[in-house]
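Peer 1: One-letter residues, chain by chain:
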Amino acid sequence: MKTARRLTFVTISLGTLALLLGYAHDGQWPWVAAVAGTGLGWAASAWLGREWPETLAFVATVGLAARGVVQSLPTGWMVVAVVAGLSAWTLGHFARRMASAPQVQDADRLARRFLLRLLAVDALSLAVAALALLIDIRLTFLPALTLGVLLFLGLTRLVSALRRET
Amino acid sequence: MRRSTLLAVLIYGLAFAAFTLFEGRLLVLALPLIIALAAGLLYRPQKPCLRVERVLESDRVGEGVPVAVTLRVTNEGPALEEIAVQDAPPATLHVNGNTSMLMALASDETAEITYTVEGRRGCHVFESVQAEARDHFDLSARRETLPAPEPLALYVLPAAPHVRRVAIRPRQTRVYAGSIPTRVGGAGIEFFGVRLYQPSDPPRHINWKVSARHTEALFTNEFEQEHVADVGLIVDARQRVNAMLANRELFEYSVLAASALAQAFLQEGNRVGLLLYGRFLDWTTPGYGKYQRERILRALARAESGESQVFDGLQYLPTRYFPAKSQLVLISPLCADDPPFLIALRSQGYELLVISPNPVAFERKALPDTPEIGLAARIAAIERTITFRRLRQAGVRVVDWNVEHAFERTLATALAHQPPRVRPLGIVR
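Line by line, the protein sequences are chains A and B. Quick note, the first sequence lines up with residues 164 to 329 if you use the working numbering. Quick note, the second sequence lines up with residues 538 to 966 if you use the working numbering.
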């Protein structure tokens, strides 16, 4: 449990640092301040154990990374920021769930399995993103539109499957 | 918003921005989110297939006695990486410890949740168990309500004081030897009369003084036979006669008295039945011994006062439940319109003993000490005295119990001696 909590702060720092480096690289100092503010706010809400400010900070991190990509900042840092942000958001939620449960059986085993899963997802995400950055495919409008529609349909099915479970 | 929905919204947003801004690298940012979502789908929990077993340390206890409850959960399906199991003890019980647990359950693995409960008199029914399985990222969940496993109920029995002996004298007894005088000569302890000596009579029972006056015959002493009797306990559960204060009810004292009397009568070997007369008729058929004691105590644990238009008065007391000329014990605070029905019972040949928890004294303690309330209490007390006098004139034995005093002491004082033999209509012989 403590490990998950510590790792939350580590990943928040890592995500914020990646964004800071990206924005500082281009000298966009007002945005550097915004990134630092988001990171600090996230760390504070993680410290206090608040759910929705953390979610807001995660969305802000993804938004800042997207803006960085659009502004042609180093995409690698932006991808790292999103992966770290996703990890921090997931870790924070897990730590909060563990803390709010009145009784947890074999908490260490549970945390170990969770961290292994997260590590696998992070590693896969970074690997796939790196691969994607190396590949440069030029698509005309129609194939791009087809891929877009496929992405939309696939995601819709994925989300509806997950929601159906609940 | 669910976490999976939020991720999907972010992915849609990034994809939309990528297509509208012709910026393919934005799709790269969406990849970690898509992988996380896919992991959620891949490891989504199956429907929990759990066997739940609830073990109570004891399914019957006294008031305030803690009972350990153990809930054993066995996973009979595929492994569940995260499952929260929540037991639902009755809200009427005070719970010590945790009733829920978060755990990972491998296939065929068993986990235990242990906590203790304690409560007041009643039959406390345990509800079903809730289980919620999730994946580690909490992107999908399955909720399941598991049927309540046996045992379903915890009986908290009334804490009955020990009553040594209650002297009763019904007009009819049963054939088995007991402790109630039967008005029939034979083997016993109390002197009953003198009769002619018969061969096989024990010589030590020969009444030499009477025999000396009759030179041609011998006379022997006869003793009063003592048998067991049928006793019908009637607990008045009508809400209108049972005064209720903020945190206690007079009915609780009626239940306490009934349990003490039931145990005392059964200990003497009598056949005892119980009728709860209130919202409905709850009849426990007569019986003997420890088994019957348990049945009566459980019926009393379940007992609640209530209102019914049918059973508003005592006129519907079902006399067919009780053997003719048996002993009836009515435990009731009584109200002014009850005596005619009780006198009617006496006229049918029943011996009637009324234990009346005093509602006037009970309520008086909780009210402020003003002259008006003092006067009202006096008037109510006088009405009660008149009611009791009417009943006593009809041959009904009445015990007025101020519940501030110990029941066993009140009973010992009021019923220490054998009751006089009275005719059905109450004329003392």
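Please keep in mind that the hints were generated in silico from the structure rather than gathered at the bench. For every residue, glycine included, the Cβ atom is placed at its ideal position computed from N, Cα and C. Hints are supplied without guarantee of correctness; some may be wrong.
What the hints assert, rightly or not - Anything over 10 angstroms on all C-beta distances counts as not near chain A; from chain B, calculated:
(1) THR636
(2) LEU639
(3) ARG832
To be verified - Ranges of calculated distance between the beta carbons of each label pair, as one might list FRET restraints:
(4) A:VAL173 - B:ALA783: 31 to 39 angstroms
(5) B:PRO627 - A:GLY200: 45 to 53 angstroms
(6) A:ASP269 - B:VAL632: 53 to 61 angstroms
(7) A:ASP269 - B:ASN939: 43 to 51 angstroms
(8) B:HIS699 - A:ASP269: 29 to 37 angstroms
(9) A:ARG320 - B:SER845: 27 to 35 angstroms
(10) B:GLY634 - A:GLY200: 57 to 65 angstroms
(11) A:ARG275 - B:PRO698: 16 to 24 angstroms
(12) B:TYR549 - A:GLY200: 21 to 29 angstroms
(13) B:THR651 - A:PRO193: 51 to 59 angstroms
(14) A:ASP271 - B:TYR828: 16 to 24 angstroms
Unchecked claim - A few chain B residues that face chain A, going by a derived Cβ cut-off under 8 angstroms, partial list only:
(15) ALA545
(16) ALA552
(17) ALA575
(18) LEU578
(19) ALA690
Peer 1: For every hint, state whether the structure bears it out.
Peer 2: Each hint, compared with the structure:
no. : hint                                    : in the structure
1   : THR636                                  : 8 angstroms, violated
2   : LEU639                                  : 4 angstroms, violated
3   : ARG832                                  : 38 angstroms, holds
4   : A:VAL173 - B:ALA783: 31 to 39 angstroms : 56 angstroms, violated
5   : B:PRO627 - A:GLY200: 45 to 53 angstroms : 50 angstroms, holds
6   : A:ASP269 - B:VAL632: 53 to 61 angstroms : 23 angstroms, violated
7   : A:ASP269 - B:ASN939: 43 to 51 angstroms : 58 angstroms, violated
8   : B:HIS699 - A:ASP269: 29 to 37 angstroms : 49 angstroms, violated
9   : A:ARG320 - B:SER845: 27 to 35 angstroms : 59 angstroms, violated
10  : B:GLY634 - A:GLY200: 57 to 65 angstroms : 44 angstroms, violated
11  : A:ARG275 - B:PRO698: 16 to 24 angstroms : 58 angstroms, violated
12  : B:TYR549 - A:GLY200: 21 to 29 angstroms : 27 angstroms, holds
13  : B:THR651 - A:PRO193: 51 to 59 angstroms : 58 angstroms, holds
14  : A:ASP271 - B:TYR828: 16 to 24 angstroms : 51 angstroms, violated
15  : ALA545                                  : 4 angstroms, holds
16  : ALA552                                  : 6 angstroms, holds
17  : ALA575                                  : 7 angstroms, holds
18  : LEU578                                  : 6 angstroms, holds
19  : ALA690                                  : 25 angstroms, violated
Checked against the numbered hints above, the structure violates hints 1, 2, 4, 6, 7, 8, 9, 10, 11, 14, 19; every other hint is satisfied.
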